[in-house]
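For reference, each letter of the sequence shown is one residue, going 1 to 157 in UniProt numbering.
Since the hints were derived computationally from the structure, they do not count as laboratory data. Check each hint, because a few of them may be wrong.
Claimed, not checked - What follows is a list of derived Cβ distance ranges for each label pair:
# : residue 1 : residue 2 : range
1 : Thr73     : Glu46     : 15 to 23 Å
2 : Arg122    : Arg18     : 28 to 36 Å
3 : Asp48     : Gly115    : 25 to 33 Å
Glycine included, each C-beta is placed from N, C-alpha and C at the ideal position.
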Amino acid sequence: MGWTANGLLVEGTIDAARLPGHPGDSGETVDLAQAFSRPVDYAVAEVDGWTSILDPHILVTFDDDAVLALSGTRRALAYAAHSVSDTYGFGWYSGGQPIRRIIYSAGELADETGGVLPDEARLEADIDEDFIFDIIANLTGLGWGKIADATYRVWTA
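The whole structure should be built from the sequences, with the hints applied where relevant.
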């Protein structure tokens, strides 16, 4: 199955109105597939102690300033899994700092900062959607199923 998903997980609750563009809650709900097929500006859900932000337009994913403004000193994980364009990556933030970023595009390393994380080093797979889903689970404790199956509120800038 092919994936098109990118977003941000922030530990705890955030005020979605603080996302880039200062969106408002539309009152509409969508699932993950709807959020990326339409696409919406943002789709936001609370999932087991984390705020999951789907970001179809890539307005906050991998924007260090935006991520840190939302997360402060809490942990945050940006991710991208795009099987059609063969682009995969993640960014890990903790203590108000970017810790690690790695992005592969078309099988080639496109961006890398920070040292390899212990949770990353334990994975023996190539960087693909399964690798990204495993990183999400290892770093946040959230299985991809919980993120994919959540009901999201649409936020429109």
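Do the hints match the structure? See the list:
1. Roughly 20 Å separates the CB atoms of Thr73 and Glu46, a value that falls within the hinted 15 to 23 Å.
2. At roughly 34 Å, the beta-carbon separation of Arg122 and Arg18 lies within the given 28 to 36 Å, and the hint holds.
3. Taking the beta carbon of each, Asp48 and Gly115 are about 28 Å apart, inside 25 to 33 Å as hinted.
Violated hints are absent here; each numbered hint is respected by the structure.
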